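Q: If you want the building blocks of each chain, they are given just below.
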Amino acid sequence: MGMLRIMSRRGDDRITWDFRKVVENDPEAVAAIEEAERIFEKTRQEGATAFKVEAGSTVERIDKFDRKAEQIVIVPRVVGG
Amino acid sequence: MLETLSLFLGIWLLFLLLAIYYLSQSPDGSVGRFRESVSGHLSAESRAKALLREMLTESQYQQLIKFGYLEIASPSIDNRVYRVPGSGGLVKVYERGCAVMELCLQPAEPLPDGDVVVMHKLMIEGNEQEYLQKANHFAPGIISLRCQHL
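One line per chain: the protein sequences are G and C, in this order.
In terms of the working numbering, the first sequence opens at residue 1 and continues consecutively.
In terms of the working numbering, the second sequence opens at residue 1 and continues consecutively.
Note that these hints are calculated values from the structure, not bench results.
Watch out, some of these pointers could steer you wrong.
Pairs of lysine-lysine, BS3-like flavour, derived with a Cα cap of 30 Å [claimed, not checked]:
| no. | chain 1 | residue 1 | chain 2 | residue 2 |
| --- | --- | --- | --- | --- |
| 1 | C | K66 | G | K42 |
| 2 | G | K21 | G | K42 |
| 3 | G | K52 | G | K64 |
| 4 | G | K68 | G | K52 |
| 5 | G | K52 | G | K42 |
| 6 | G | K64 | C | K66 |
| 7 | G | K68 | G | K42 |
| 8 | C | K134 | G | K52 |
| 9 | G | K21 | G | K68 |
| 10 | C | K49 | G | K68 |
| 11 | G | K64 | C | K134 |
| 12 | G | K52 | G | K21 |
| 13 | C | K134 | C | K49 |
| 14 | C | K92 | C | K134 |
| 15 | G | K52 | C | K66 |
| 16 | C | K92 | C | K49 |
| 17 | C | K49 | G | K42 |
| 18 | C | K92 | C | K66 |
| 19 | C | K92 | G | K52 |
| 20 | C | K134 | G | K42 |
Estimated spans, in silico, between C-beta atoms of each pair [to be verified]:
| no. | chain 1 | residue 1 | chain 2 | residue 2 | range |
| --- | --- | --- | --- | --- | --- |
| 21 | C | F138 | G | A55 | 46 to 56 Å |
| 22 | G | K64 | C | G141 | 39 to 49 Å |
| 23 | G | K21 | C | N79 | 24 to 34 Å |
| 24 | C | I142 | G | R61 | 29 to 39 Å |
| 25 | C | L16 | G | R44 | 27 to 37 Å |
If the Cβ cut is set under 7 Å, some of the chain G residues that face chain C in the computed set are [stated by the list, open to error]:
| no. | residue |
| --- | --- |
| 26 | M3 |
| 27 | R10 |
| 28 | I15 |
| 29 | A29 |
| 30 | V59 |
| 31 | E60 |
| 32 | R61 |
| 33 | F65 |
| 34 | P76 |
| 35 | V79 |
| 36 | G81 |
None of these values were measured; they are calculated from a predicted model.
Positions of the beta carbon are idealized from the N, C-alpha and C atoms, including for glycine.
Chain G on its own, in the form it takes in the complex:
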């Protein structure tokens, strides 16, 4: 399962998808991953940063949506205080 988590004032919003079902063209899985990709692009355009977080690996900043990622966390735009 893949998961996109978007941090916001409401806590994190989540979208999950099953990559195996995406490969099988399952309509719900395809819709979920497309929605995740859309949000990924939109938030990145707004200045957010995306990180791929996987168990046992170091955190990696990503600029392109990774369909096979275990978990992607989107951090909103940050500013020096």
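Starting from the known structure of chain G, fit chain C onto it as the hints suggest.
A: Okay, now just chain C, sitting in the frame of chain G:
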């Protein structure tokens, strides 16, 4: 006299409770909005706490609970540690145990405290150079006030 006073007080309290009840039932009532706001805040905090719990190791989580901060080793600079406070404020930077600077970086939109800790952790571990570029740098100990959200 005391009985009359108690009676008036009882009636007044009853009206007050009725008023609060009707306001809370009204979709655009101020108490209803207040209740939604409090419930939304609690929900955001609990989600942030769950994310924090998932993102930290057991020892990191215990450190945060016990000492109120999370220490993150720099992935690129030897002997550098970032000390991220659990409830907002400046991030203290230590090298070989000595404070060398303090950093102020915050999300452009307010986030629950738990999410802010995760934000610092992800940015330090996955994007340290940009983290350092965007943060405002201060000499250690000069500013101790909590940063306010923009």
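Q: If a hint holds in the structure, say so; if it does not, say that too.
A: Results of checking the hints against the structure:
1. A distance of roughly 38 Å separates the Cα atoms of C/K66 and G/K42; the hinted pair therefore is violated under the 30 Å criterion.
2. This hinted pair checks out: G/K21 and G/K42 have alpha carbons roughly 24 Å apart, not beyond 30 Å.
3. Note on G/K52 and G/K64: the hinted pairing holds, with a Cα-Cα distance of about 10 Å set against a maximum of 30 Å.
4. Under the criterion of a C-alpha separation no larger than 30 Å, the hint pairing G/K68 with G/K52 is consistent with the structure, at around 10 Å.
5. Distance restraint check for G/K52 and G/K42: the Cα-Cα separation of roughly 17 Å lies within the 30 Å cut-off, and the hinted pair is therefore satisfied.
6. Distance restraint check for G/K64 and C/K66: the Cα-Cα separation of roughly 38 Å exceeds the 30 Å cut-off, and the hinted pair is therefore not satisfied.
7. Pair hint G/K68 plus G/K42 holds up; C-alpha atoms about 20 Å apart against a cutoff of 30 Å.
8. For a cut-off of 30 Å, the pair hint linking C/K134 to G/K52 stands: about 21 Å separates their Cα positions.
9. As the CA atoms of G/K21 and G/K68 are separated by approximately 12 Å, the hinted pair is consistent with the 30 Å bound.
10. Of the pairs offered as hints, the one joining C/K49 and G/K68 holds, with about 26 Å between alpha carbons and a cut-off of 30 Å not exceeded.
11. For the hint linking G/K64 to C/K134, the alpha-carbon distance of about 22 Å falls within 30 Å, and the restraint holds.
12. Of the supplied pair hints, the one linking G/K52 and G/K21 holds, its CA atoms being roughly 21 Å apart against a limit of 30 Å.
13. Straight-line distance between C-alpha atoms of C/K134 and C/K49 comes to about 26 Å, which keeps the hinted pair within the 30 Å bound.
14. Distance check on the hinted pair: C/K92 and C/K134 sit about 15 Å apart at the alpha-carbon level, within 30 Å; holds.
15. Distance hint between G/K52 and C/K66 is fulfilled; the C-alpha atoms sit about 28 Å from each other, no more than 30 Å.
16. For the suggested pair C/K92 and C/K49, the alpha carbons sit about 22 Å apart, so the restraint of at most 30 Å is met.
17. Simply put, C/K49 and G/K42 have alpha-carbon atoms about 26 Å apart, close enough for the 30 Å limit, and the pair holds.
18. Straight-line distance between C-alpha atoms of C/K92 and C/K66 comes to about 18 Å, which keeps the hinted pair within the 30 Å bound.
19. Simply put, C/K92 and G/K52 have alpha-carbon atoms about 26 Å apart, close enough for the 30 Å limit, and the pair holds.
20. For the proposed pair C/K134 and G/K42, the alpha carbon gap of about 21 Å is at most 30 Å, so the pair holds.
21. For the hinted restraint 46 to 56 Å between C/F138 and G/A55, the CB-CB distance of approximately 36 Å leaves it violated.
22. Between G/K64 and C/G141, the C-beta spacing of about 42 Å keeps the proposed range 39 to 49 Å intact.
23. Between G/K21 and C/N79 the C-beta distance comes to about 47 Å, which lies outside the given range of 24 to 34 Å.
24. For the pair C/I142 and G/R61, the beta carbons lie near 30 Å from each other, so the given range of 29 to 39 Å is met.
25. Under the hint 27 to 37 Å, the C-beta atoms of C/L16 and G/R44, about 51 Å apart, miss the expected range.
26. The interface hint given for G/M3 is broken, as the beta carbon of that residue sits about 11 Å from the closest beta carbon of chain C, more than 7 Å.
27. With a cut of 7 Å, the hint placing G/R10 at the interface with chain C holds, because the nearest CB-to-CB distance is about 5 Å.
28. This hint is violated: G/I15 has a C-beta 14 Å from the nearest C-beta of chain C, more than the 7 Å allowed.
29. The criterion of a C-beta within 7 Å of any C-beta in chain C is not met by G/A29, whose closest approach is roughly 23 Å, and the hint is violated.
30. Because the closest C-beta pair between G/V59 and chain C is about 4 Å apart, less than 7 Å, the hint holds.
31. At about 6 Å, the closest approach between the beta carbon of G/E60 and any beta carbon in chain C falls short of 7 Å, and the interface hint on this residue holds.
32. For G/R61, the shortest C-beta to C-beta distance to chain C is roughly 4 Å, which falls under 7 Å, so the interface hint holds.
33. With a least beta-carbon distance of about 16 Å to chain C, the hint placing G/F65 at the interface is violated under the 7 Å criterion.
34. Here the hint on G/P76 is kept, as its CB sits about 5 Å from the closest CB of chain C, short of 7 Å.
35. The closest approach between the C-beta of G/V79 and any C-beta of chain C is roughly 5 Å, which is under the 7 Å cut-off, so the hint is satisfied.
36. The interface hint given for G/G81 holds, since its Cβ lies 4 Å from the closest Cβ of chain C, which is under the 7 Å cut-off.
Of the numbered hints given earlier, the model fails hints 1, 6, 21, 23, 25, 26, 28, 29, 33; all others are met.
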